[in-house]
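> The chain contents come next:
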Amino acid sequence: MDRKDNNIPKELLVLMKQKEDTSEKISAPSRTFMQDARRTFFKNKLAVASMIVLVIIILMSFTGPGMNEHGIDDQDLSVAKMPARVPVLEDISWLGFSGVLSDTFKGDTADHATQNAFSRYKSDEEFIDIKVLDEGDGTKNSAEVKATYHIYEAKDMEDTYFWLGTDTLGRDQWTRLWEGTTVSLLIAFVAAIISLLIGVAYGGIAGYYGGKVDDVLMRILEVLVGIPNLVIILLMMLVLDPGITSIVVALTITGWTGMARIVRGEIMKQKNQEYVLAARTLGQTNRNVIMRHLLPNISGIIIINTMFNIPDAIFFEAFLSFIGLGITPPEASLGTLINTGFDNIMLYQYMLVFPAILISVIMIAFNLIGDGLRDAFDPKMHK
Amino acid sequence: MSKLLEVKDLAVSFNTYNGEVQAVRGVSFDLNKGETLAIVGESGSGKSVTTSALMGLLPKPQGVIKSGEILFEGEDLVKKSNKEMQKIRGKDMSMVFQDPMSSLNPTMKVGNQIMEGLIKHQNMNRSDARKKAIELLDQVGIPNPEIRINQYPHQFSGGMRQRVVIAIALACNPKVLIADEPTTALDVTIQAQILELMKNIQKETDSAIIFITHDLGVVANVADRVAVMYAGKVVEYGTVDDIFYNPKHPYTWGLLGSMPTLDNADEELYAIPGSPPDMLNPPKGDAFAPRNKFALEIDAVMEPPMFKVTDTHYAATWLLHEDAPKIEPPESVKKRMQGFANSGGDQ
Amino acid sequence: MVRYILRRVMYMLVTLFIIATLSFFLMKMLPGSPLNAEDKLSEQQQAIVLEKYGLNDPVPVQYVKYIGGLLQGDLGISFAFSNTPVTDILMDRIGPSAQLGAQALVVGTILGVLLGLIAAISHNGFLDYTSTVIAVLGTSIPNFVFAGLLQFVFAAQLEWFPVALWGDFKHTILPTIALMIFPMATAARFVRTEMVEVLGSNFITTARAKGVSEPGIVFKHGLRNALIPLVTVIGPMAVSLMTGSMVIEQIFAIPGIGEQFVNSVMVNDYPTIMGTTLLFAALFITIILIIDLLYGLIDPRIRISGGDS
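Residue numbers (this note's numbering), protein chains in the order written: chain A, 1 to 383; chain B, 384 to 730; chain C, 731 to 1039.
I should point out that these hints are in silico values taken from the structure, not numbers from a laboratory.
A virtual CB, placed ideally from N, CA and C, is assigned to each residue, including glycine.
Incorrect hints may have been included.
If you want the footprint, here are the derived chain A segments under chain C, 3+ residues with CB under 8 Å [as the list claims (entries may be wrong)]:
| id | segment |
| --- | --- |
| 1 | 320-332 |
| 2 | 364-378 |
Going by beta-carbon spacing under 8 Å, a handful of chain B positions derived as facing chain A [claimed, not checked]:
| id | residue |
| --- | --- |
| 3 | L663 |
| 4 | F677 |
| 5 | L679 |
| 6 | E680 |
| 7 | I681 |
| 8 | W701 |
| 9 | H704 |
| 10 | D706 |
| 11 | A707 |
| 12 | P708 |
Between the sequences and the hints, there should be enough to build the whole structure, so can you do that?
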C-alpha cells in the first residue's frame, strides 16, 4: 500500500499511551500436579462410571447377603436348581427372572417331543406349558416343542423368591454371589497391598542405596523373576491348604516382583534429579528423602501398578478356584461359583451367567480405572 | 529472475479442542530460482506452519488451509490432492527438519532411507539408487559412505545425522529446499559446518532455499531476502540489506536489538517485553501493539497494511504512514544497524 | 552374540534346575502316594509298589535319581495311571495343546495387530472406539467366561460347532477363539498406543516430506517401529495361553496337557503334576529367551549394544 492514504483518521496516528503490560499475567489459577491428576481423572467418564459401579459392587458385597432370608450354606435339596425369580421383574418374561425353566425339546412327533419335555421336568404335567414349534413329520427329531416349567408353582412355593435362583444343593445364589464377591475382592485387595508394601520396600532400598546392595537384591530378584509366576502359584497352591490365606500367599510370593522392579527403576531415575540433591545438600536424612521427596514423586506409578494388580489377582483367584486349587465349597468365591456354573451350563445357565457377568464387570471396571489413572498421572494428558 | 514459488495471502488454522487457532493469517511472499529466503520470527509466529502448508504436511484433520494460494511453477498446490502432492514432495520440494536425532527412522538403514525417494521419484533400480545414495553421502561430507550406507541412524552423531537428512532432501535435486531450523539442535561448531554445506550445495545445484530460523546471525550468513513473521503475519519483508541496515518495523528493531554481538558486549540488550499473543483469540488491530513501545492509537483499531518502503522492502506498521509521527529506532538498535553496515562489506 | 546366547541358555538351565528342585521337595512335603485306599494291598505288595516308584530310598537319593532321570527326559511314573511314564502321558497329550496354542497365538496376534493398526489410523474415529472396546473387553473378561459363552451360544444353541471333545478342525475353532481373545486384545491395545506415538514422530514427517505414500508410511515406516515393543508383551501372552489351556481344555473336554494337569490335581498324581509344571516352566523360559534374542534381531539399536562391541 502507498504511504499516503486519506481514509485513515489522522487523530489516531499518535503514540499510544503506555498501559500496564498485561501480556505476562497468568490468568489460569495454578494447580498442583495432584490436582491436575484428579481433574484429568474425573474428566474421564468411563473411569468415573467404573468407580461408581465398583463402589456399588463393594457395598453390595457387604449388604447383599443380608438382604434376603437365605444363608450362605442353607442346603436344602428340595429347592435345588430353582431358577431366578424376582418380584415385579418376574412379569417381564425375556429378562429371565420369571422363575421358570424353559427349553426346546425334539422328538419324532410333537407328542413325542412333549413326552421328552415331561420326563425332563419330572412329569409335573400340570405346571408345564407346551408350545409346539414344529409338528414334525414322524422322522427322527423332526418335531420341536418349547416347554416352560413353572417350578415355583409346582413346588407350591409361589411366595418364595430366590432372586438369582439356587445351586445344585439348594443354596441361594444371591447370597452366595455377594459372599463370593467379598472373598474375591478381599483376596485381590490384600494380595495387591502386600505386594505393594514388599515391592516398594525392596525396590526402594535397591534403587536408593544402589551399588552393592542393589547388585545383590537385583540378582536375587532376577532368579525369582526367571521362574514363571504361574508355576510358583500352582506349586504353592498344591502345598498349602486351600483357602483365602493360601491364595493370598501364593499371589504375593510372585506379585511383588513387578512392583519392586518398577519402583527401583523409578527411584534410580528420580534420585539423580536436582531436587533430591538439593534436599540432601540441605542435610535431610535418608529416611526423609525417601519418604518426603522420592515416594510422593513415584506415587503415581505405584498407584497405577497396584490398580492393574488387583484385576490380575481377581483373575488368578477365579482361575485357581476353577481348576480346583483355590477356594473350595461350601466357601464361595466368584471362581467356585463359575466352576459350579460350568458343571450345569447346558441345563441351568443362570448358575453361570450371574457370577460370570459380575466377575467380568469387576475386571472391566478395574481395568478402566487403571487406564484412567494412567492418563491422570501422565502430565501430557493434563489440559 | 523467474518466480519459482509464490505464496498469496495464505491463511492456516488449527481446529483444536478449545477452538480455532489462527496460526497463519494471510502470508504472502515469493521465491526466485536459486535464492535463499529466510523466514524469521519467535516460536509460535507461524513460520513452521507456513512451510508445512507449502509441503502439504499440515497435521490432519486439525490443520486447514483457510484461504490463499501456493503457486509452484504456476500451479496451485492448495488445490492438489494428497496423491499429487506425494509426487511433488521429495522431488520438486523437500525439507530438512530441526531435530536430526528424531527425524530419521531408527529401524531403517540410512542408505534405504536415502534410496526410498530415488526409487519412488526417479524410477531407479536398487543398485543405481544405491550408487546415487553413496554419492549423496559423499556430497554432504560423510566419510566412508560405502560403509555408512549400511548403518543405522543411532550409529551417527547429531551433526552426521543432519547431513544424512540433508542428503535425503537433496536426493532428487529439488527445486525448493525448505530448511526448518536445521541448525538449532546442533552444537555451534556443527552449526557452522551445516550452514557451509547448505551454501555449497546451493551453489552446485541452484536450488532455492527457504530457511526458517529465529537466529538472525544465521540469516545474515545465508539469506538473500528475509521475511519477518509475527503472530501469523509477515510484518516486514525485504532483502538482507533492507532488514539489517534499514529496518522499519518496531518488531524487527526488537529482534535486531536483542541479538548479542561482540561489539555491544558492554551494552544492555534490547529485549522485547511480554510474550506473543494467543492465536486462539488474536487481538484486534495490530497484534504487536501491546508489546510495542512505539504503538500508535490506531494500532488498537486497525491492522496496518503492508507499506512499501522501496521496491524490495515492505513493512506493516502505521509508523510508515505519511501522517504518522516520525519515530526513529532506539539508539541501541541504531548503533547495531551501524555495526552491521560497517562489517557487512566484508561478507 | 554367541557368548550372550550361551550365557542366557546357561541361566535358563539353572532356573529350570531350581524349579525342578523346588517342586521335588514341595511334593515330598505332601501327603499321598501311589497306594490308593481302595486297593487293599498286602504289605508285601505295597513294598513292591513303593519300590517301583523308588519311594523306599531316602529322600536325598530319590532327589538325585529324579534329577538324573530328568536329564534323560524321564519325568517319573504316574500315580494315577499305573506303569505309565509321565513323559508318555505328556507326549500323548501335547498335540492338541500345541495346536490350540499355536492357532490362538498366530491368529490372535495377527488379528490384534490389524485391530490396533486400524484403530491407530482412524485415531479417535468410530473404528478406533470399536477396537478399543474390543480390547478392553478382551483383556478384562476372563477367558473361561468367554469359553462358556462361546460353547453355549455357538455349540449348544446354534449347533454350528461341536460342544466339546477333540476331532477334526471344527473342534478346534471355539477353543482357539476363547484362547486367542487375550493375545488379540493385548496386541490390539499395544499396537494402537505404539502406532499413534510412532505416527506422530518426526521421522514419519521426514518420510512424508520424501513423498512416501500413505501405505508406505503406515507399513514400511510405522508398523515396524510399532511392532518391536510388542515383543515385550509376548511373556504375559504366553502365561495367558498356559492358564487358558488349563481351563479351556477342561471346558471343552480336550485331551491336552492343561486338562491333564487339572485332572492330576484332582487325584493328587504328583509325578504328573511335577512333570507338567516343569514342562510349562521350560516352555515359558524358552519363550522368554527366544523373545529376548528376537528383540535384539529386529531392533538394530539393541543389536549393536548387546553384540560385538
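> Each hint needs a verdict: does it hold in this structure or not?
How the hints compare with the structure:
Using a Cβ-Cβ cut-off of 8 Å, 4 residues of the segment 320-332 of chain A lie near chain C, which meets the minimum of three, so the contact claim holds. Counting residues of the segment 364-378 of chain A whose beta carbon lies closer than 8 Å to any beta carbon of chain C gives 5, which meets the minimum of three for the stated coverage. Checking L663 (chain B) against chain A: minimum C-beta separation of about 12 Å lies over 8 Å; hint violated. A distance limit of 8 Å between C-beta atoms decides the matter here; for F677 (chain B) the minimum to chain A is near 7 Å, and the interface restraint holds.
The interface hint given for L679 (chain B) is met, as the beta carbon of that residue sits about 6 Å from the closest beta carbon of chain A, less than 8 Å. Hint status for E680 (chain B) relative to chain A: holds, with the closest Cβ pair at about 4 Å, below 8 Å. A distance limit of 8 Å between C-beta atoms decides the matter here; for I681 (chain B) the minimum to chain A is near 4 Å, and the interface restraint holds. With a cut of 8 Å, the hint placing W701 (chain B) at the interface with chain A holds, because the nearest CB-to-CB distance is about 6 Å.
Hint status for H704 (chain B) relative to chain A: holds, with the closest Cβ pair at about 6 Å, below 8 Å. The closest approach between the C-beta of D706 (chain B) and any C-beta of chain A is roughly 5 Å, which is under the 8 Å cut-off, so the hint is satisfied. Look at A707 (chain B): its Cβ gets to within about 5 Å of chain A, closer than 8 Å, so that hint holds up. With 8 Å as the threshold, the beta carbon of P708 (chain B) comes within range of chain A, its nearest partner Cβ sitting at about 6 Å, so the hint holds.
Taken one by one, the earlier hints fail for this structure only at number 3.
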